[in-house]
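Protein chains: 2
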Amino acid sequence: MARVVVDVMLKPEILDPQGQAVANALPRLGVTDVSSVRIGRRIEIEFDGEPDLDRAREIADKLLANPVIEDYQVRVVAAAEVA
Amino acid sequence: MARVVVDVMLKPEILDPQGQAVANALPRLGVTDVSSVRIGRRIEIEFDGEPDLDRAREIADKLLANPVIEDYQVRVVAAAEVA
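Sequences listed follow chains B and U, in order.
Using the working numbering, you'd call the opening residue of the first sequence number 1 and step up by one each time.
Using the working numbering, you'd call the opening residue of the second sequence number 1 and step up by one each time.
Because the hints were derived from the structure by calculation, they are not lab data.
Please note that a few of the clues may not be correct.
[Said to hold, decoys possible] In silico SDA-like pairs for lysine to any residue, Cα to Cα no more than 20 Å straight-line:
#1 Lys62/U / Pro27/B
#2 Lys62/B / Val31/U
#3 Lys62/U / Asp52/U
#4 Lys11/B / Leu64/B
#5 Lys11/B / Met1/U
#6 Lys11/U / Tyr72/U
#7 Lys62/U / Leu10/U
#8 Lys11/B / Ser35/B
#9 Lys11/B / Arg75/B
#10 Lys62/U / Asn24/B
#11 Lys62/U / Ser35/B
#12 Lys62/B / Thr32/U
#13 Lys62/B / Leu26/U
Let the sequences and hints guide you as you build the complete structure.
And the structure:
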């Protein structure tokens, strides 16, 4: 079973209010050594046969990421890494 | 700079309508060899000093994941892997 993971994150220059909200909540947990939190999406695509990175990139481009504000990375993962 | 990534995914037995919607759209792109798409969250936590996995696990437990329906994995990443 072949799995491709697409990680979609906001571009560094785009504000991430959701991540900021988590970062702001950390001192209440006693965590003071975190400088930033960014929240993005992780998409797991399971291929019937061989994992196809070019296909996955096309899917990411057209369906998963907004290229105006987001960057994405595509990679094949071993089954063990899948959450 | 030390970065910890938390991957939060719905548990396998929980339906993922968002991923299903993407999977249903794939044939329109000419993609027919994908058996499933699951969409989760990827959170990048940047620590000032050393990455602290136990701290990150605590943050994930309390702020990032809903343990009733989600699983998470915590890992330190090299700068190169950061999207």
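For each hint, the structure was consulted:
no., hint, verdict
1, Lys62/U / Pro27/B, "holds (13 Å)"
2, Lys62/B / Val31/U, "holds (12 Å)"
3, Lys62/U / Asp52/U, "holds (16 Å)"
4, Lys11/B / Leu64/B, "holds (15 Å)"
5, Lys11/B / Met1/U, "holds (18 Å)"
6, Lys11/U / Tyr72/U, "holds (9 Å)"
7, Lys62/U / Leu10/U, "holds (16 Å)"
8, Lys11/B / Ser35/B, "holds (17 Å)"
9, Lys11/B / Arg75/B, "holds (18 Å)"
10, Lys62/U / Asn24/B, "holds (14 Å)"
11, Lys62/U / Ser35/B, "holds (18 Å)"
12, Lys62/B / Thr32/U, "holds (15 Å)"
13, Lys62/B / Leu26/U, "holds (10 Å)"
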